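2 protein chains.
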Amino acid sequence: MREPKKSNENSRLTRGEARTRLLDAAMMVIREQGYAASTVDDICRAAGVTKGAFFHHFASKEELAVAAADHFAAMADGIFSVAPYRSLPRARDRVIGYVRFRQAIMSGALAEYTCLLGTMVQEAYDSHPVIRTACDRHMSDHARMVQRDIEAAIAEEGLHPQWSAESLAFHTQAVIQGSFIFAKAKHGAAIAHGNLDHLINYLECLFPTKKP
Amino acid sequence: MREPKKSNENSRLTRGEARTRLLDAAMMVIREQGYAASTVDDICRAAGVTKGAFFHHFASKEELAVAAADHFAAMADGIFSVAPYRSLPRARDRVIGYVRFRQAIMSGALAEYTCLLGTMVQEAYDSHPVIRTACDRHMSDHARMVQRDIEAAIAEEGLHPQWSAESLAFHTQAVIQGSFIFAKAKHGAAIAHGNLDHLINYLECLFPTKKP
Numbered sequence: 607m608r609e610p611k612k613s614n615e616n617s618r619l620t621r622g623e624a625r626t627r628l629l630d631a632a633m634m635v636i637r638e639q640g641y642a643a644s645t646v647d648d649i650c651r652a653a654g655v656t657k658g659a660f661f662h663h664f665a666s667k668e669e670l671a672v673a674a675a676d677h678f679a680a681m682a683d684g685i686f687s688v689a690p691y692r693s694l695p696r697a698r699d700r701v702i703g704y705v706r707f708r709q710a711i712m713s714g715a716l717a718e719y720t721c722l723l724g725t726m727v728q729e730a731y732d733s734h735p736v737i738r739t740a741c742d743r744h745m746s747d748h749a750r751m752v753q754r755d756i757e758a759a760i761a762e763e764g765l766h767p768q769w770s771a772e773s774l775a776f777h778t779q780a781v782i783q784g785s786f787i788f789a790k791a792k793h794g795a796a797i798a799h800g801n802l803d804h805l806i807n808y809l810e811c812l813f814p815t816k817k818p
Numbered sequence: 607m608r609e610p611k612k613s614n615e616n617s618r619l620t621r622g623e624a625r626t627r628l629l630d631a632a633m634m635v636i637r638e639q640g641y642a643a644s645t646v647d648d649i650c651r652a653a654g655v656t657k658g659a660f661f662h663h664f665a666s667k668e669e670l671a672v673a674a675a676d677h678f679a680a681m682a683d684g685i686f687s688v689a690p691y692r693s694l695p696r697a698r699d700r701v702i703g704y705v706r707f708r709q710a711i712m713s714g715a716l717a718e719y720t721c722l723l724g725t726m727v728q729e730a731y732d733s734h735p736v737i738r739t740a741c742d743r744h745m746s747d748h749a750r751m752v753q754r755d756i757e758a759a760i761a762e763e764g765l766h767p768q769w770s771a772e773s774l775a776f777h778t779q780a781v782i783q784g785s786f787i788f789a790k791a792k793h794g795a796a797i798a799h800g801n802l803d804h805l806i807n808y809l810e811c812l813f814p815t816k817k818p
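Keeping their order, the protein sequence lines are chains A and B.
Heads up: take any position in the first sequence, counting from 1, add 606, and you land on the working numbering.
Heads up: take any position in the second sequence, counting from 1, add 606, and you land on the working numbering.
Quick caveat, the hints were computed from the structure, so don't treat them as lab data.
Some hints here could point you the wrong way.
Identical copies look the same in the list; a pair holds intra-copy or inter-copy alike.
Straight-line Cα separation of at most 16 Å, EDC-like style, residue types lysine to aspartate or glutamate; simulated pairs [what the hints assert, rightly or not]:
no. : residue 1 : residue 2
1   : 792       : 772
2   : 657       : 732
3   : 816       : 699
4   : 792       : 742
5   : 816       : 762
6   : 792       : 747
7   : 667       : 630
8   : 667       : 718
9   : 667       : 647
10  : 792       : 732
11  : 657       : 669
12  : 657       : 623
13  : 657       : 647
14  : 816       : 732
Keep in mind that this is a model prediction, so the values were computed, not measured.
Same shape as in the complex, but just chain A (with noise of 0.2 Å):
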């Protein structure tokens, strides 16, 4: 995220620019400390922009949060559709390496590595009807990243799997999702990379280094 800069620079920011400050601030400021807690000043002051701009640009705080699911989505989808596994040709080698990916990029603050849409759903799922649609699509689409992998590791390993490729999927989604969870209430990510450790070995255990 961009340092704030001070609300008298308010009027220097074009439209787009107080827009895209408010997103990144309240993708920061919710993934601190949860939706309800998070005021609009929060993500106001967090941003460096007007309470005025705010309304602008949102009609509420509840259209900011889904405003900002589409865009955490967004940049994670810049983040995967270039990493280097990605370019590995075996599927199988892209499904391990994917979640190799995601346990080297859990470092650094709770707050710049955990889910914006995994906190959102788990306090809102009930009271916020449209902010849980947004994260169930978005977390389902990414799933969905995954699951082509899997589908095409299936069919380059010529398995004939009892589980579908989708409830694989879900499950790697459930692992990382549960991993925060523990990165938080440990604050390090320590038992985060031995869960993923345990969601490779998994992985290999259903797609064996050798074809079968």
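Chain A is already provided as a structure; the job is to place chain B on it using the hints.
Below, chain B alone, put in the same frame as chain A:
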């Protein structure tokens, strides 16, 4: 949870009854709408007790949250200590039986089967250190219960794994916590059940039916 009585019956509640009702209500209300969004008024209303009674027992919502985490963990300990899988003679079967039991109890309303600890730590890990500490302690204690069966299974089956029993115990908990997030995102337990099928499949891969 017992049906809340009307607040005009407050005077007939003993102090212990009012405290237990507040803890039961906190467990449900926080699992429904998250920690920050749950007000003391919401919890008093659900408990059917007055705000005066609340502040007789708890200095703050944060203090109630810590007590509710203890209450939730004690309730879970009670459930797991008498669960049918506990009487299986082979430790490997108890490890898998634990996951099947978790799967079986993932039904009904989301606020009834999701985890108070995972819900609270997700949003309050940074803003409320005492809540984080309570959630970490109880989640780690629960993992240790699973760890003891994993240690016994490793010994009984004569295995020499590359992974630690502790890391596998935390992995089971990450899958369960991540599954709750998908149950909330999807408003249903189907994906969560599929995730636990994969966890069982992994455990069967680590602990084959026949001793090696």
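Hints, verified against the model:
1. 792 / 772: between (30 Å within a copy, 14 Å between copies)
2. 657 / 732: Cα proximity of residue 657 and residue 732: none, with 27 Å in one copy and 25 Å across.
3. 816 / 699: within (12 Å within a copy, 30 Å between copies)
4. 792 / 742: Result: close only across copies, 7 Å inter versus 26 Å intra.
5. 816 / 762: within (12 Å within a copy, 30 Å between copies)
6. 792 / 747: between (29 Å within a copy, 13 Å between copies)
7. 667 / 630: For residue 667 and residue 630, only the intra-copy Cα distance (14 Å) is at most 16 Å; the inter-copy one is 30 Å.
8. 667 / 718: For residue 667 and residue 718, the Cα distance exceeds 16 Å both inside one copy (21 Å) and across copies (28 Å).
9. 667 / 647: within (10 Å within a copy, 23 Å between copies)
10. 792 / 732: This pair counts as between: shortest inter-copy Cα distance 11 Å, intra-copy 27 Å.
11. 657 / 669: within (15 Å within a copy, 33 Å between copies)
12. 657 / 623: within (15 Å within a copy, 46 Å between copies)
13. 657 / 647: This pair counts as within: shortest intra-copy Cα distance 7 Å, inter-copy 29 Å.
14. 816 / 732: Result: close neither inside a copy nor across copies, 46 Å intra and 45 Å inter.
Comparing the model with each earlier hint shows violations of hints 2, 8 and 14; every other hint is respected.
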